[in-house]
Structures are given as C-alpha cells and as structure tokens.
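Just so you know, the sequences run in chain order A and B. For the record, in the first sequence the residue sitting at position 19 is 19 according to my numbering, with numbers rising by one throughout. For the record, in the second sequence the residue sitting at position 111 is 111 according to my numbering, with numbers rising by one throughout.
For the record, the hints were derived by calculation from the structure and aren't laboratory data. As the structure is a prediction and not an experimental result, all values here were calculated from the model. Honestly, I wouldn't trust all of these hints.
Straight-line alpha carbon distances no greater than 30 Å define the calculated DSS-like cross-link-like pairs of lysine-lysine that follow [to be verified]: (1) A:K49 x A:K69; (2) A:K58 x A:K22; (3) B:K71 x B:K57; (4) A:K49 x B:K18; (5) B:K17 x B:K69; (6) A:K22 x A:K69; (7) B:K57 x A:K101; (8) B:K71 x A:K49; (9) A:K77 x A:K101; (10) A:K58 x A:K69; (11) A:K69 x B:K65; (12) A:K101 x A:K49; (13) B:K57 x B:K18; (14) B:K57 x B:K69; (15) B:K65 x B:K17; (16) B:K71 x A:K101; (17) A:K101 x A:K22; (18) B:K57 x A:K49; (19) B:K57 x B:K17; (20) A:K49 x B:K17; (21) A:K101 x A:K69.
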Amino acid sequence: AQSVAQPEDQVNVAEGNPLTVKCTYSVSGNPYLFWYVQYPNRGLQFLLKYITGDNLVKGSYGFEAEFNKSQTSFHLKKPSALVSDSALYFCAVRGSWGTDKLIFGTGTRLQVFP
Amino acid sequence: EAQVTQNPRYLITVTGKKLTVTCSQNMNHEYMSWYRQDPGLGLRQIYYSMNVEVTDKGDVPEGYKVSRKEKRNFPLILESPSPNQTSLYFCASRDSQNQPQHFGDGTRLSIL
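If we strip away everything but chain A, and leave its shape as in the complex, we get:
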C-alpha cells in the first residue's frame, strides 16, 4: 500500500539559512510525488512535483526537491529561507493508477526566525 512519512512535526531555521523538510514514501510502481504548502486559513497550494526525469525538481518560490529512489525520499529544500516561508508543508504520493487517490503525509510546520 502507498504511504508517505514526514518524520518531523516542526522544523526551525534562521532566515537566510538553507532549509530541508523531509519526506519518505512507499509505493508499488513508479512514484508520482508532490509537495504542497498551506498558509493559515487557506487551502493547499502546489509547490512542485516529480513524475519522471531529473532527480532535482524546481518549483515555486525558490523551492526544490530531490528525488532519491534508493532511499525512497523526496526532501524539500531551499537554499536561503525567508520568514514568509513559515507555513505547513505536505508531501503527497499519488495512489494506484486508475484512481484519483492522493495520499498525504501528516505535515511539517516550518518556522523561519528573523
């Protein structure tokens, strides 16, 4: 069965420092992976996705993610964090082909301090 794990409930980082939000997955077949961000009182916004191709995926707002098949990971990264990046981040994996299932991790709260 497909599953997603985000091992950290919260990540704290100083503004200007690099950030990493971790995600590991378990799927049968090729993984289709997504990162979303949620700001207070808003729905989720799409950041980036990995379907196939280059292992380093670039997305919105300067974020990128590295797909690592051997470690079954899809960590979200940014070279220099901004206070405005503080939000709740979700990793997700698409479910079985032929369905519209999307399986989310439990979320990681990113706090960027000035």
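Put chain B on the given structure of chain A with help from the hints.
Showing chain B alone in chain A's frame:
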C-alpha cells in the same frame, strides 16, 4: 480567475442535522475530491470523482455522501452529522492524472 469555491467557510451545527457543503470549480476539471484535515493526521481523502456520475470512496468515506451531476459541482453531504466529523474540509480539483490539485480555501465544520 481559476478557482475552487467552497461554501460555507464556517459552520456550527448540531448532531443529526443534515448539511451540505458545496464545491464548485471553474476550470472544467474532470477530477474532484474531498478531504478532511485533522491535527496530526494530515489530509485524508473522503471521496473522489473522476467524471460526471463517477464517484468512488477514498480512505474515510463513512458518514459522508457525494454526487457529481455536473462537471463543475461536487457537493459533500453529511446526512446525520456526528461530533467526530468536526474537522476542516477541503475540496480539490485537477485536470488529469499527473497534474497537481487545486484546493478550495476550506470549510471548518463544528458538530455539537
């Protein structure tokens, strides 16, 4: 503007009183879904629809109904709400299998 619109945004009601949360998208998307978000559990899919008149259960469908009579609308129905359905609900839509989902701004339901 491309968007997914949910109504109401907030609702406090009582156990057993039927309610409907509406969801409408203006992007002509085929796929639509409902999720609930609970602390520590992330988002869990309730139901999804891959086209008009085609719906299927997600991971937590108990106590919910949906319908997809037209492409743009996908209402979530709670026939007899209970307190354990107190949650934040999101509707989402997308164009095709590998495209990202577009989310509404959420509906916070409190069932007393």
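Inset, instruction - Would you pick out the hints that fail for this structure and give their numbers low to high? - result: 4, 11, 20
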